[in-house]
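**Q** Read off the chains here:
Number of protein chains: 2
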Amino acid sequence: MADVKYDVLGIGNALFDVLVRTDEAFLARHGMTKGGMSLIDEARAAAIYKDMGPATEVSGGSAANTIVGIGSLGAHAAYVGKVKDDQIGKLYVHDIRAAGVAFNTPAAKHGPATGCSYILVTGDGERTMNTYLGAAQDLSPADIDPAEIASAGIVYLEGYLWDPKNAKDAFVKAAKIAHDAKRKVALTLSDSFCVDRYRDEFLSLMRDGTVDIVFANESELHSLYMTSDFDTALKQLRNDVNLGVVTRSEKGCVVVSPGDAVAAPAFPVRQVVDTTGAGDLFAAGFLFGLARNLAYKQCGELGALAAAEVIQHIGARPQVSLKELAQQRGLTV
Amino acid sequence: MADVKYDVLGIGNALFDVLVRTDEAFLARHGMTKGGMSLIDEARAAAIYKDMGPATEVSGGSAANTIVGIGSLGAHAAYVGKVKDDQIGKLYVHDIRAAGVAFNTPAAKHGPATGCSYILVTGDGERTMNTYLGAAQDLSPADIDPAEIASAGIVYLEGYLWDPKNAKDAFVKAAKIAHDAKRKVALTLSDSFCVDRYRDEFLSLMRDGTVDIVFANESELHSLYMTSDFDTALKQLRNDVNLGVVTRSEKGCVVVSPGDAVAAPAFPVRQVVDTTGAGDLFAAGFLFGLARNLAYKQCGELGALAAAEVIQHIGARPQVSLKELAQQRGLTV
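The listed protein sequences derive, respectively, from chains R and E. Okay, so the first sequence: first residue is -16 according to this note's numbering, each after it adds one. Okay, so the second sequence: first residue is -16 according to this note's numbering, each after it adds one.
Worth flagging that the hints you see were computed from the coordinates, not collected in a lab. Hints should not be assumed to be uniformly reliable.
The list treats identical chains as interchangeable, and a pair is accepted whether it falls inside one copy or across any two copies.
Within a straight-line C-alpha distance of at most 30 Å, the following computed BS3-like cross-link-like pairs (lysine-lysine) qualify [stated by the list, open to error]:
1. Lys(-12) <-> Lys218
2. Lys218 <-> Lys165
3. Lys280 <-> Lys165
4. Lys33 <-> Lys306
5. Lys33 <-> Lys73
6. Lys(-12) <-> Lys159
7. Lys17 <-> Lys165
8. Lys(-12) <-> Lys33
9. Lys73 <-> Lys92
10. Lys148 <-> Lys92
11. Lys306 <-> Lys17
12. Lys92 <-> Lys33
13. Lys(-12) <-> Lys234
14. Lys280 <-> Lys167
15. Lys234 <-> Lys306
16. Lys17 <-> Lys234
Can you build the whole structure from these sequences, using the hints too?
**A** This is the structure:
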């Protein structure tokens, strides 16, 4: 088994976030499902954007947010995702690399522009995402470098990768390389509607051992097992995967494995400004803890801390060093 | 005298802000003067950006920030500034128009990219700006539409316009049109280093009546009259212009005219996150009040409110409706 070069390597849809604070009426006017992620085409993206107020832009993408968080905590991290070689793609590449994350996926020279997610943040801090995949659509198995994957202790994949046409092949290729190298594979279920679209495939990935670790929030878990009963769903998750990590917003998280179940509390926040990236940053803290062989409870506390930072400002990327923040709070990093 | 179509029309350098939180060491390493605005070329922009951490992007530009603030308070406003027809230029145009501001300056089809300001925000909230003018360099008298200028009650100009090669001609052309139409012309001195570069010209503009209203902060005022004594400088300002508005950070503002002098307090803030746009938004509130014929003290209070909103988050554009905010605070809008 070769040396671990990266504690965690993430693969996901590379998306530039265009965020705006708005009201419920906007969501209703555009027929949006509050709190969800909808895939949109270029025409709908243009229509939504035209009606949006003045925006703030921050690089995003679920797995990318997680990986940047892991880098901010002080670990070695790498990202695989597809942008175009355009102005927005250059901003995106900068933001990942500036976080100390290795990012070597070649940018597309042709085809659609760098993908964007148009994110509406309502007064309660909830975010509703409308994603134009753009160049992310073209992530393919050719973008998976076997040596890079094999050098990562944990390979982290987002469920959203099931949406672009070739990315699931990249996902499966990466998972196989990782397991051949005796590494761990983690998956986030991403979104309850994403689970609706790919339920059987996600369950197969878990049951056939393609993924070892699953991150889910309550609604994703309920969607996965088509039950409204949390305990029933949690029990099934425990049977289906080596390690299940379930976030429950202000109720904290529950971590289940065949021989263990622990909970960790959420971190108090002064004001929820924008929940975009909450789950992503929770996963960042948790995966960082796993990479450092911390106890699950400590992993959960780091996840809670990182999530708390990101929901107190606009955008899904940390605005301060998470390593310093954790040290200030007396957490192990 | 034709009807007023716009309460205020602003002319300035259209700049996209790339903001990052950093430390004093970064400023020292790059030889930056903390709190100032430095003009940089493309090569230096690339070098600074390469060394910057993960960023947040928000449309900016001094006069544009002011105009968007005036729109957010509920007035009719228009903007004149030059971007390129590129991805960032499109974001910029969106953000101005989405604020309800008229923006009809044609985007450049050729030449340099849309201008950017690379803004370093230190722990104390102070911002240090490094501006690559890009397409803003090409604002020219041809971009000044006489009918549009003549239809604005107040034409607001930024001192930074003295930096690009042809913008001062656009400035002078606009001021003449405005005065021929019996409108008011306002100028912000922009930055103490900008005053250093163009002191004599700014004083001439004031003394020959090209501008009626001047906005300055304390350091700009001291630079203008080359004195460290506030009262001496204020007395000279009072002689040189019909209306002088001087901001003093947490000490509030002082408004002087030949027959009057009033002060207004600053607005309390919970935490100064990023001072970018503080002066711009103060001017927004003040000019809004002038357009509504409010007393100077009320104008100052509106300015203080708008400035307080913008320094409590990253970026120089308001994140909430300033009209609603003012109403909540019991101010007249």
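**Q** What hint numbers does the structure not satisfy?
**A** As far as the earlier hints go, 1, 7 and 13 are violated by this structure, in ascending order.
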